[in-house]
Amino acid sequence: MSSLFSISIFQSALELGCIYALVALALFISFTILNIADLTTDGCFTLGCAVGAMVTLAGHPFLAFFAALLSGVLAGFCTAFLQTKLGVESILAGIIVNTGLYTINIAVMGFSSLTNLFGCDTIFSIGKDTIGSGVIGDWYKLLIVGAIVAIIAVVLWWFLGTTLGMSIRATGDNAAMVKSSSINPTFTITVGLCLSNSLTALSGALIAQYQKSADINIGTGMVTIALASLIIGQTLIGNKGSMLRRIIGTILGSVLYRVIVAIALRLSVPAEALKLVSAIIVAVAIAAPYVRKKAALKKREFANYRGQRSQGVRDNA
Amino acid sequence: MLRLDNISKTFNPGTVNEKAALTNLSLDLADGDFATIVGSNGAGKSTMFNAIAGTFIVDEGNIYLDDEDITFKKEHVRSRVIGHLFQDPLKGTAPSMTIEENMALAFLRASKASSHLFSRISSKDKARFREQLALLGMGLEDRMKQPVGLLSGGQRQALTLLMATFVTPKLLLLDEHTAALDPATAEKVLELTKSIVAERGITCLMVTHNMHQALEVGNRTLMMNAGKIVFDTAGEERAKLSVADLLEKFKVGSGEELDNDRVLLS
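Chains as they are written, first to last, in the working numbering: chain Z, 1 to 317; chain C, 318 to 583.
So that you can see chain Z by itself, here it is in the shape it has in the complex:
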């Protein structure tokens, strides 16, 4: 087992899990709470990555995160504006913004598809210099990303309990009720999508500094991967229970997903296969409740049919 799964692989899986947990939390807001399939995610992740990388390159590793957050807010605002003010279908709005972001992203990176951050100060290099010695040793990266995720989780939990947060939750839960409670759904959807996309972009900026590079294709398939994490988390913790529990479940789901990926890579599953595996996880997990219901119905139908058959045989005898 130790050869199959060394500490360092486990460690990096935890680190990546924490970073990508922010995207899973973003989808927790848009997909689970607001009930909107926000496909801006892929482009927005790359946007955060590109913006974060460029600001880091300019020598501002901390400012990079705030710049990324802001870029995510703008991307989310575009999607929200399209669907609430211009009547574009929510899925289409996300796809449109996602497509447009490709050009923006490559422009942000100075019309190159790859930006390297070697030799730049990052939050991780600074962390290594300040806390990376002594007891903590190699675990400083995990400490940094873990702290960031913990802070975001607590702030998110707090926010979802505020009046505005509750209004956003009600918007996804019962749109009719929201309007008749004097809440403006346009406003709550906009705030929700801005918030979720800012988290996605923040995750992108963290990845840029973590990998010391930004790549135009880094966000491809991110929405599916994050959904897979979200679903794994929901399966673990359940979709009920308090907000804090569900938020923690989502983070655990993301970490577990990365651990599964690490094991798969260790077992020589080619890296290219991972997206297919994620897609299958998501498809199966979302389809499962529906299929289970159908199967139960078929079973009853079959039992009924058999019952009638045996009744018929008895009558004939």
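Just to be clear, a hint being listed does not mean it is correct.
To be verified - Estimated spans, in silico, between C-beta atoms of each pair:
id: 1; chain 1: C; residue 1: 445; chain 2: Z; residue 2: 114; range: 54 to 60 Å
id: 2; chain 1: C; residue 1: 394; chain 2: Z; residue 2: 217; range: 41 to 47 Å
id: 3; chain 1: Z; residue 1: 130; chain 2: C; residue 2: 372; range: 56 to 62 Å
id: 4; chain 1: C; residue 1: 466; chain 2: Z; residue 2: 297; range: 20 to 26 Å
id: 5; chain 1: Z; residue 1: 286; chain 2: C; residue 2: 452; range: 42 to 48 Å
id: 6; chain 1: Z; residue 1: 175; chain 2: C; residue 2: 512; range: 29 to 35 Å
id: 7; chain 1: Z; residue 1: 118; chain 2: C; residue 2: 445; range: 58 to 64 Å
id: 8; chain 1: C; residue 1: 529; chain 2: Z; residue 2: 303; range: 45 to 51 Å
id: 9; chain 1: Z; residue 1: 114; chain 2: C; residue 2: 435; range: 39 to 45 Å
id: 10; chain 1: C; residue 1: 543; chain 2: Z; residue 2: 314; range: 47 to 53 Å
id: 11; chain 1: Z; residue 1: 175; chain 2: C; residue 2: 323; range: 53 to 59 Å
id: 12; chain 1: C; residue 1: 412; chain 2: Z; residue 2: 118; range: 35 to 41 Å
id: 13; chain 1: C; residue 1: 512; chain 2: Z; residue 2: 297; range: 45 to 51 Å
To be clear, the hints were calculated from the coordinates, so they are not data collected in a lab.
A quick note: this is a predicted structure, and the numbers were derived from the prediction, not measured.
Ideal Cβ positions, reconstructed from N, Cα and C, are used throughout, including at glycine.
Given the coordinates of chain Z, assemble chain C onto it according to the supplied hints.
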């Protein structure tokens, strides 16, 4: 108080499904009026409510509330002062949120602008919610942390009523809000409605299919047919009316029998 001035609404204009739901309807409701509304299916009762609440904007005419023209105001703006209950008890509450969270949202109406956006439910709020819930006599005050989805239809409707009147609205629209409940619960919710409306002096419109209710509850009875109010009675005249008279009035007003099976059954 509420004035509907020649409002009209046609759904799907220019298609085979064209339906003139409201045709030059006018209504004047005095402050503190509690009017019941009867009429056949498709008479335009719910459409009139939706027009007042702002679910859609009327094609013609104007709507005034307290002398303010609200014809083009959005639904969420109007809902600050207009409470709206539907027949379907699921419509008025957010099922996956707890009772206290739902009540906190209803309480939003009281808050001005954005000052309360980032406040959480305080223990003072909880005490107030508990006190209000206790008035329902359904034991909901001890289940404040439970999601509303776990409540029965009657409990949800009672909660919705409480939420709609928590911050006293100028106008309360009750669209057959007891029709989907079992008789005992319906009776309870109606009693609750009457006491809340009377206590706060809320101006109220209530659609009902129960002819006795139409004459007994409130101080005024309206009858609708084909998108218009065909009969309007209050005071002495109303007090003398029997259910048979009311059905007869309908025949005169519309030239046909009241074709509503629920009316005949009730």
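* Does 41 to 47 Å hold as the CB distance between residue 394(C) and residue 217(Z), or does it fail? -> 45 Å, holds
Holds or violated: the 35 to 41 Å window for the beta-carbon distance between residue 412(C) and residue 118(Z)?
Distance hint for residue 412(C), residue 118(Z) is violated at roughly 52 Å.
The hint says 20 to 26 Å between residue 466(C) and residue 297(Z); measuring C-beta to C-beta, is that right? With a Cβ separation near 23 Å, residue 466(C) and residue 297(Z) satisfy 20 to 26 Å, so the hint holds.
Review point. Holds or violated: 45 to 51 Å for the Cβ distance of residue 529(C) and residue 303(Z)?
Key: 48 Å, holds
**Asked** Measuring from beta carbon to beta carbon, are residue 286(Z) and residue 452(C) in 42 to 48 Å?
**Response** Holds, since residue 286(Z) and residue 452(C) (Cβ atoms, about 43 Å apart) stay within the stated range.
query: Can the suggested window of 47 to 53 Å be confirmed for the beta-carbon pair residue 543(C) and residue 314(Z)?
result: Since residue 543(C) and residue 314(Z) have Cβ atoms about 60 Å apart, the given range 47 to 53 Å is violated.
Taking the Cβ atom of residue 445(C) and the Cβ atom of residue 114(Z), is their distance within the range 54 to 60 Å?
59 Å, holds
For the hint 56 to 62 Å, verify it against the beta carbon of residue 130(Z) and that of residue 372(C). 59 Å, holds
*Evaluate the given range 58 to 64 Å for the C-beta pair formed by residue 118(Z) and residue 445(C).*
60 Å, holds
Distance restraint evaluation - residue 175(Z), residue 323(C), Cβ atoms, bounds 53 to 59 Å: 31 Å, violated
Taking the beta carbons of residue 175(Z) and residue 512(C), is their distance inside 29 to 35 Å? 31 Å, holds
Between the beta carbons of residue 114(Z) and residue 435(C), is the distance compatible with 39 to 45 Å? 41 Å, holds
Checked against the numbered hints given earlier, this structure breaks hints 10, 11, 12; the rest are met.
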